Every structure is written in structure tokens, then in C-alpha cells.
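**Q** Chain by chain, the residues run as shown.
Protein chains: 2
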Amino acid sequence: MAEKPGGKQATIDLQSFIRDIPDFPKPGIVFKDITPLLKDPIAFRATIDQLADCFKDAKVDAVLGAEARGFIVGAPLAYKLGVGFLPVRKPGKLPYQRRQASYSLEYGKDSLEVHIDAITKGQRVLLVDDLLATGGTMEACCRLVEELGGIVVGCAFIVELAFLNGRLKLAKHVVNSLISYASE
Amino acid sequence: MAEKPGGKQATIDLQSFIRDIPDFPKPGIVFKDITPLLKDPIAFRATIDQLADCFKDAKVDAVLGAEARGFIVGAPLAYKLGVGFLPVRKPGKLPYQRRQASYSLEYGKDSLEVHIDAITKGQRVLLVDDLLATGGTMEACCRLVEELGGIVVGCAFIVELAFLNGRLKLAKHVVNSLISYASE
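Here the protein sequences line up with chains A and B, keeping their order. Mapped onto the working numbering, the consecutive letters of the first sequence carry residue numbers 175 to 358. Mapped onto the working numbering, the consecutive letters of the second sequence carry residue numbers 175 to 358.
Treat the hints with care, as some may be off.
Identical chains blur together in the list; that is why a pair holds if it fits in one copy or across any two.
As the list claims (entries may be wrong) - Calculated pairs, DSSO-like style, for lysine-lysine (alpha carbon to alpha carbon, straight line, at most 27 Å):
| no. | residue 1 | residue 2 |
| --- | --- | --- |
| 1 | Lys233 | Lys200 |
| 2 | Lys230 | Lys346 |
| 3 | Lys200 | Lys230 |
| 4 | Lys254 | Lys230 |
| 5 | Lys267 | Lys230 |
| 6 | Lys346 | Lys200 |
| 7 | Lys346 | Lys264 |
| 8 | Lys200 | Lys295 |
| 9 | Lys295 | Lys264 |
| 10 | Lys233 | Lys346 |
| 11 | Lys283 | Lys264 |
| 12 | Lys233 | Lys254 |
| 13 | Lys283 | Lys230 |
These aren't lab readings, by the way, just hints derived from the structure by calculation. Only a predicted model underlies this, so the values are computations on that prediction, with no experimental measurement involved.
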């Protein structure tokens, strides 16, 4: 149940706002495009409200999101929950002292960074991204939070590609997604 | 005047949450780090509420923000205004049909892209970024909106480096910033 801007309750089929783009970014991959959902006022609001609702009793102190699409979901979720937003960025983008975590890609490795003063000891952090695929990015974000003394209260996604089993990498955490695809 | 999560009115010195980082990203540049503002629940909420307040009578249909920090400001502003969010991204990141605009950097050029179906004819679009420097990025975003038939209702920023005269490039548009630096 999503709260519409007018305050009335309505159900909305969020999945109908996700667009399949075949062969992007490379042949054989079907990309889940969330931009039709983002541009629809009712669907965008319902998405943020439903994610907030999942964690309304979790005593969230801050929301963390990774560059770049994690910013689009994480920042309004932080706003809705009345907490601060913590950006995780690609190496060299954040200007202050940083902590880095690496994660595996299909070929090779990549890294993410967070400011060392982003999180205080015992702070309860909700981690957010638009899409859960293999879980590598989110697992690296969880490590960053815990290495800085924070508590991961959960991982939230708009879309989950369940057939990629990303949840297994996040097994010790609460994971919530609004839309789940069982197969490609 | 910013509305606190509790609903009470309070003034808040947003500028006190901006951190100067000398010599970033290169020697001689003083980087304005907004992450202390983002992580503070009251300051973050006041920032979004004050930006929304600037354009509350502008009949905004959608908010547009450019990758990556524009997402952090634009998405919650769209949420607050009850409209959709339109992401502008670096080339090759958006999966559907795109329109591209180039802009000049200190040395060379860069480009930004938006989905061609992001904006409908006559749609009133508010453009948002964290910081106004020379205005090149925002001017390119304005061109994208207008080329797709949209109307630029304004350009909103948290921070303006007024000494770089970015407003001159945006002279035909309404420009609002919450914090302005007259000198370096």
C-alpha cells in the first residue's frame, strides 16, 4: 500500500514501470531500466514510501547509498526517514579521509570509498541501492559500515534479480526488495 | 526558515555544515565538501525543504539532476515536490534512446545524456545540482531540456561559487542557491 501525494491509499504495480532493455550494456544481458518509475510522480513516491515502511521500526540513524544510482534511491529515503545521507563513491571522488573496500567483478576488481567520519560507532545504517544483482557492491558497502563501527540494519533495493542469488552474499543481513525477478 | 522533522520552525546555518578541503582535486583548488551537511538529519532536511520552498509556486512537473551529486539533491527534492525525477548521466550509462549535449571543461570537452522520453513537450522542469561553479554542466542540462521541448522553470543549487560567475551562463533562467561564496 503506497501513500499518494494527496494522502489517499492506493496499490500500485511498481513492476509495470520497469522497462526491459535487451542487450544492454552488452549482448545477452536484459537491463532493468528504472527511469520510467523515477519519472512517474506516483510510482516514485510509492517506491520511497514502501522502502521507508519496510524499515520504519528499525531505528535507522542514517541511509547509505553507492554512486550513482544508489544516490537516487538513498537520498530521498533518508529524507523520508528524517535521517542523514552517507554517499559511497568510486575511488578519488570523495575529498576527505577515506576508507576503501574492494569487490570482485566478472573480470577483475573494483573499489568503493566512504569518508571515515561518515559513520560513528554504534550508528544504525540502512544501505540502499536500486538493484540487487550478484550483491558484490552491497557486500562491500556492508563491510565499510562495519569496519567504521556502524551496524547494518538492512539492505534495501527497488529491484532484485533473484536468479543471481545476490542474497547469499548478504545472508547475515536483513534484505528487502520491492520487485523480484525469479528468472531473466 | 526550515521545517524540522518534528514540525517546529528553526533557522539553521547551512554554511556551517560545508567543509573546506584545500588542494582538492588539485593544488590551489578549495573544494566545498557537502558531506557534513548531507549526514546531518536537520541540515539535510532543511536544505531540501528550502530548495523546494524557492520553487513551490513554480508549477514544477519534474526535477532533473546530473550524475552523480545532482542525484543526491535532485531525487529528494522531486520527492518533496511530489513530482518525478529525471536523471542526466555520463555517456553510455543510460540504456534507452538518448539525447546528448556537450560542454567545455578547462581542457577539452565532456558530454551528458538524457533519455529522449524523459521530458514531454511543455513539461516544466526544475534543474538541480549541488554546486554552481562555471555553470557549464547546468547550461548543458538546460539545453537538453529545451531541445526535448521542456520548459526550464529554474536552476537550484545548494552552494554557489559566485566569484566564478556561473550565473552569467544561465542568465535567461531563474537561479537560486542556498549558500553563496563571494570569494575563494
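**Q** Sort out which numbered hints this structure fails and list those numbers smallest first.
**A** Those not satisfied are hints 1, 3, 5, 6, 8, 13.
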